[in-house]
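**Student:** As they're listed, the protein sequences go chains A and B.
This note's numbering applies: residue 1 is where the first sequence begins, and numbers increase by one.
This note's numbering applies: residue 1001 is where the second sequence begins, and numbers increase by one.
Please note that the accuracy of each hint is not assured.
Stated by the list, open to error - Partial pick of chain A residues on the chain B-facing surface, computed with a CB cut under 8 Å:
# : residue
1 : Glu-304
2 : Pro-429
3 : Leu-441
4 : Glu-443
5 : Glu-486
6 : Leu-529
7 : Ser-530
8 : Gln-532
Claimed, not checked - 30 Å max Cα-Cα, derived DSS-like pairs, lysine-lysine:
#  : chain 1 : residue 1 : chain 2 : residue 2
9  : B       : Lys-1008  : A       : Lys-313
10 : B       : Lys-1008  : A       : Lys-160
11 : A       : Lys-320   : B       : Lys-1155
12 : A       : Lys-404   : A       : Lys-80
The hints are simulated quantities; they were obtained by calculation from the structure and are not laboratory data.
Remember, it's a predicted structure, so these values are computed and weren't measured experimentally.
Cβ coordinates follow ideal geometry from the N, Cα and C atoms, glycine included.
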Amino acid sequence: MSEQHRPVGLAMAHLWVAFLTFLLAAVLGLYQVAVRAGVVPQWDEGYYISVSAHGNIMGFVLTTFFIVGFGYYTANTSLKRKVWAPGLAWTGWLMMMAGVLLVVFALITRQATVLYTFYPPLTAHWTYYVGAALLVVGSFLWCVIMIVMFGQWKKDNPGKPVPLAMYGTTANAILWLWTATGVALEVVFQLIPLAFGWVDTIDVGLARTLFSWTLHPIVYFWLIPAYIAMYVFVPQAAGGRLFSDEMGRVAFIMLLVFGLPIGFHHLYVDPFQSDGYKLFHAAGTFMVAVPTLFTGFTVMAGLEIAGRLHGGKGLFGWIKALPWEKPMVLAGGLALLMLTAGGFGGVVNASYAMNTMVHNTMWVPAHFHLIFGGTVVIMYFAISYYLWPKMTGRALFSAGMARKQLWLWTIGMLIVTIPWHWLGLLGVPRRTAWVPYDHPLVEQWTSSQYIMVFGAILLVLSALLFIINLLMTHMNSAREDNREVEYAEPIHPVLNISKSLNGFAIWNWILLVYMVAAFAYPILQFWMLSGQDVMAWGW
Amino acid sequence: MHIDVLEKRWMWLVGLMVVIMLGTIFYTALANAVHPPSNVETIDSTRLHLSEEFAEDKLGVETMADGSVRVTMVAARYGIFPQHIEVPLKTPVTFRIATPDVLHGLHIPFSNMDTMVIPGFVSEVTTQFQFEGEQPMFCNEYCGLGHHYMWSRVKVVAK
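Chain B extracted, bound-state conformation (with noise of 0.2 Å):
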């Protein structure tokens, strides 16, 4: 096979380009473990308001012994439960989401609280918000005609 040496060349940079890259996100995935909601877990989405975690006085923000936050939250045609929420600023906060329906997702601008919302399925995220003030969590998966009419509200505030 003829390989010209300009080819050759390309060929490093191309490799270094890639090492480069992938270096950077298999840093942060193993060194600093940042990784996307990946949790694996099923639940029967038909009994979530009869569930343990899921019922509708279950849900909301609960602040837990260690001092980080958890969000208990339900997506369902067409809103996001409960439709207001307040979170401490730069403090870790795990949000736990379920869907009595269909596919959702749900997102809040400006932040890696970026997650779908899969029937069957819990989603679990981990973040730190790093900017106060309210913020709109939308719908940002076609889960039906009113999708658009999805959203919540969601307010960062200082400790």
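Isolated chain A (complex conformation) (with noise of 0.2 Å):
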């Protein structure tokens, strides 16, 4: 596959729409700690239309434009085929465009101050859910691109093993058409018409429980590029092996069906589900940290290896011996980390009883700062440290000054969410502009509300290293002679498949049987309760 067939013009498109937007929300998210530890002015609907648009950038355009722009760039690599489909591909890019700037003009003009998790009866301008709604079908061309270029491999190499990058990109594109859908329930048939004024009223039980069809999975569509990088970028930048080629794929097919009908450890305290149901999700939610047991083993396991090739003794000299010095290696050894970390306020909030101790409170941002934007941001960073050099053909500005900031984004995280989690325990709301309660519980608050600013400095820092290196890689003067994309080898070659770890056909139906049963009964039984309709409210 020569340079020229490569999409480089529409990868490079996706990704630097999700990195500048990301660097202004890195910039609000120190905006609102100051606001809230009252080191700037107080300014209660700045606050909060912050929030909304450090949500929306974080968890739908620097997400939503990374995976699209990464996945065509893997799916052509890995494939070693023409992207399919391009004129769609990038009618695909206009319409996430589209979508991202309408969102901004109801941002901007003070008419969708709802975050992003939208909260109705609170209504926003119309442009906003339209907008939401663009970047959603945009995405989901996506998606049918993936989803035909695997298939198209498959034909032209019947019984071979399709390469585990693309496995796990298409996975996520299934998993993104299956995730996606309930809030295009909810956008389409109840928060645009409620918008329009077409309709007068609004089942809020029903809107949540749609959303909460969504909210759970969408955090794997995100994590899966960096599950991805995990099994195939990092053993290989350490100088080692994946350890196991099928335990990736088992993971991918794991995230897919027990990723989605898992949503109502989100609505735990909400009185509009029953408690069987919420224990049935309940249990789907412990089956899902599986997978990510698994990544973390098999990864750990490449390393080791890479490690011990590099002459690590004893049962923990293969950590000193493996090449820190790669960007690559070292954002997958500080993802476990935050991983691990984040992971263990997970397993807290997922308790079915123990959730109403922190149910909302700053333990919950605590948790997804660390697995979002510890995790999973971190290894798009790596990706990008390591995809540069490959599109443009000029070597990374500088690898020191990538490591230097790794390390800015971890210890940034670290001071803000250990906080959080403190924070949390003592019964912190989240999402508050300030704290004007005039009550001595506060007073154990003060502290750890200046460490955060602290911490958000050094985020914003890093998030501008990111960009500057980026940026000066474009003018560097040094070629990147290596243009090859590596994709790390199984110790074990693939060379029988079975067609369930080659596929998705069979995990589909057991998904749609899984989700009918998690999901059938909750959404009808508000046909047959009756009263609850209420209507739209303004903030």
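Put the two chains together into one complex; each comes in its own frame, and the hints tell you how they fit.
**Tutor:** Shown next as structure tokens:
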């Protein structure tokens, strides 16, 4: 596959939108903690607009654009074939951009201060919901292209295992189609009609149930590219092998099947779902920890092989022997560290009864900033450091700066999230503009509120270093000679692959049955209840 | 499919962890009836002020015949009513809460009195307070630009 067939322009168009908006969202994050701590003038509306924008960019724009751009490049380089229907791909990009612009318009004209979670019966301007819908539909075109390319390759290579990176990417495309359907139903049939005034009322219980369908698996949509990098790039960069190709496939399948029907752990303390269904979703929530634990094992095992090949001895000597100077290896190690810490907080959130102690407190953002802001985003950084030279043909501007940036990001994230866990246990509600409460308990919060500002400053510095490094790479005069994207080889080459580990048909059927069991009655019940519909509200 | 012996051991360990965690959750839920608020009960949120239960003069703390306590509250932008309540220590207290407007969440720190309050639905939580003294009750779900002004006081007193 020669370099001129690489979808560099397509990938770059997506990745730069992702990272430029990311920089803006990082600055907004700093503003939010500063307002909360009272070190900049209090402005209630400014804070909630900022929270809405920060969530929208980090959760929807950074992620979707990165995943789509990275997906095209992965499909092209792992399958060694041209991106199918590039016109369709660019149409998707245009739709996503139009969606982003509509959302930005709604936010900056102060017509959508409803947070990225929508929160009906608060009702924003219609541009907000139509923008969100366009972003999702545009990304669906990417899903179609990934699935078609996966199918084409299989047809041309009968019986051969699809490269793991593409298997994971296709799993993610299928996951996203399933995942986004919940929120799409909410937006199309409830929020857009309400925003236009076509209907007068909304069933908030139904809206929240549909949103919960999306709200959990969306984090696996964000996470899977990070896991792909952990399977195929981290062991390769460390000079080792992938411990098991097949376990990677199993992990992606489990994320798909168990990631979806578990959204009710976001609704544990919502009164409109019964405890039986909540318990059912709780069980699935613990099952979805399994693929993450498998991934951790496989990645660590791959790193250990690399460390021993580098001459590391003894129980822990291999850790020292790893080539930590490589951004990919360093990011992989730091990501696993934050994943472990964030996973612990997640187990508490997921615990059916314990959850009530921390529900909607600062504990929750502490958890997801470690998993998403930490693990996922740091792998997005590492992937970019790896791919930018491959895409531009110019050497990375500075590996030293990249290492400093990754450390800054990790330290900043820990400084922000450790106090948040503590604040959560002290009952501090999340998403409050500042703390006007005249109560002695508040005194215990003060020191932590200042510490988080310091952490956020480090995070903004880190985000800046990241952007500068990529920009300078575009202008670097030093050439990158090795343009091949190298995927780690498994220790045991996959010679015979069962159909179920090389496709998704059977898993889609299992997922369908599981989704019907988990969501059919909880959704249909709203038509059996009566009197719960409410009118639209402003804020 | 090739599965390494180390992988097999790790799978058993992961399986054991999941069994222990879920076992604990199912035991507390099924044997001790520990559940989050899940009463699935609708109410016309535009007519709270006219309802039997949530009219203004019906709000507050009431001791039932069996010694348990019932607290009836309304969460509305931007306050929790009544603003001050007093409940007994280590006694079953059942909160019944509704809202006439938008989403809210009510939480008393260091307790499992934590529930979403959803327009169109009634939230019901039963708990026992373990510590004496005054605690704040916060709105912990974004409900509008004055969300952070929304709180009240709960005093837990020895019987």
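**Student:** Against each hint, give a clear statement of whether it holds in the structure.
**Tutor:** Hints, verified against the model:
The interface hint given for A/Glu-304 is violated, since its Cβ lies 10 Å from the closest Cβ of chain B, which is over the 8 Å cut-off. Given the 8 Å rule on beta carbons, the hint for A/Pro-429 holds: about 4 Å separates it from the nearest Cβ of chain B. A distance limit of 8 Å between C-beta atoms decides the matter here; for A/Leu-441 the minimum to chain B is near 6 Å, and the interface restraint holds. For A/Glu-443, the suggested interface contact is broken, since its CB lies about 12 Å from the closest CB of chain B, more than 8 Å.
Below 8 Å, beta-carbon pairs count as interface contacts, and A/Glu-486 has none with chain B, the closest being about 23 Å; its hint is therefore violated. Annotation: A/Leu-529 was flagged as interfacial toward chain B, and the flag holds, the nearest CB pair being 5 Å apart, inside 8 Å. Taking 8 Å as the C-beta contact cut-off toward chain B, the hint placing A/Ser-530 at the interface holds, the least distance being around 7 Å. At a threshold of 8 Å, the smallest CB-CB gap from A/Gln-532 to chain B is about 3 Å, leaving the interface hint in force.
The straight-line distance between the Cα atoms of B/Lys-1008 and A/Lys-313 is roughly 24 Å, inside the 30 Å bound, and the hint therefore holds. A distance of roughly 26 Å separates the Cα atoms of B/Lys-1008 and A/Lys-160; the hinted pair therefore holds under the 30 Å criterion. A hinted pair counts as satisfied when its Cα atoms are at most 30 Å apart, and A/Lys-320 with B/Lys-1155 does not qualify at roughly 55 Å. Between A/Lys-404 and A/Lys-80 the alpha-carbon distance is near 34 Å, which puts this suggested pair outside the 30 Å criterion.
When held up to the earlier numbered hints, the structure conflicts with 1, 4, 5, 11, 12 and fits the remainder.
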